[in-house]
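Enquirer: Chains A and B, in that order, are what the protein sequence lines are. So for the first sequence, the working numbering puts the first residue at 1; every next one is plus one. So for the second sequence, the working numbering puts the first residue at 1; every next one is plus one.
No lab work stands behind these hints, which were simulated from the structure alone. Please note that the accuracy of each hint is not assured.
Listed below are the simulated DSBU-like cross-link pairs for lysine-lysine, each with C-alpha atoms no more than 30 Å apart in a straight line [as the list claims (entries may be wrong)]:
id : chain 1 : residue 1 : chain 2 : residue 2
1  : B       : Lys18     : A       : Lys56
2  : A       : Lys52     : B       : Lys3
3  : B       : Lys3      : A       : Lys60
4  : A       : Lys77     : B       : Lys3
5  : B       : Lys18     : B       : Lys55
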Amino acid sequence: GNSVTQMEGPVTLSEEAFLTINCTYTATGYPSLFWYVQYPGEGLQLLLKATKADDKGSNKGFEATYRKETTSFHLEKGSVQVSDSAVYFCALSVYSSASKIIFGSGTRLSIRP
Amino acid sequence: DVKVTQSSRYLVKRTGEKVFLECVQDMDHENMFWYRQDPGLGLRLIYFSYDVKMKEKGDIPEGYSVSREKKERFSLILESASTNQTSMYLCASTTGELAKNIQYFGAGTRLSVL
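For reference, chain A alone in the conformation it holds in the complex (with noise of 0.2 Å):
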C-alpha cells in the first residue's frame, strides 16, 4: 500500500540552525511528493512539492528532492527562524479518481531565539 513515514517530533533548535526533518515513503506507481506547514491555529498550507523522481522543490528557504533510490523526500533550511516554528507534515498522491492525499504523522518544530 502507499505509506508516508516521517521523523518523530518534537524537533528544537537554536535560531539559524540547520533543520533535515526525514521523510521516507512507499508507494505503488509514480507518486508526487509534497510538504505541508501548520502554523498555531491555522489549517495546513502547500510548504513545496515534487512530482517526478529528481524534482527539487524549494519555497520559503525550505529545500526537499524526490529521491526515488531512496524513496525519500527529506526537508531541508540551511538557517531556520523562530517563525519556522510549525508542525510539518510530509505526504503523498498516486493518481486516483479523487486523487487522495496520504500524510505523514507530523513533525513539531520549535525554534528558541
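Chain A is fixed; fit chain B onto it per the hints.
Expert: Just chain B, lined up with the frame of chain A:
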C-alpha cells in the same frame, strides 16, 4: 485568493447529540475532503467527495456521514457524537488535476464532546 471556510472554529457538544460541521470553498473545486487530526496520528481521511452527491469512505468513516448537495459545500455529520470523536476536524478541497493536486485547507474546527 483561494478560500476554504469552516463554519466554526470551536464547538462543544454533548454525547449523543447530532453534530454538523460545514465547509465551503470558493474555488469551484471538484474534490472535497474531511480529515480528523489527532496528536501523533497525523491526518486521517474520514470521507471525500469527487462530485456533487458523490461520496466515498476514507480510512475512518465509522460514526460519520457526509452530504454534498452543492459543489461548493461539503458537510460532515456526526449522527450521535461520542467522546472519542473529540478532535480537530479539517476540510480540504482540490481541483483533482494530477499535475497540480494541491489541497487547500480550512482553518479547522476543534470539537469537544463531553
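Enquirer: Confirm or reject each hint.
Expert: Status of each hint after checking the structure:
1. Between the alpha carbons of B:Lys18 and A:Lys56 the distance comes to roughly 46 Å, so the proposed pair goes past 30 Å and is violated.
2. At most 30 Å may separate the alpha-carbon atoms for a hinted pair to count; A:Lys52 and B:Lys3 meet this at roughly 28 Å.
3. Note on B:Lys3 and A:Lys60: the hinted pairing holds, with a Cα-Cα distance of about 21 Å set against a maximum of 30 Å.
4. Between A:Lys77 and B:Lys3 the alpha-carbon distance is near 28 Å, which keeps this suggested pair within the 30 Å criterion.
5. Taking the CA atoms of B:Lys18 and B:Lys55, the gap is near 20 Å; set against the 30 Å cutoff, the hint holds.
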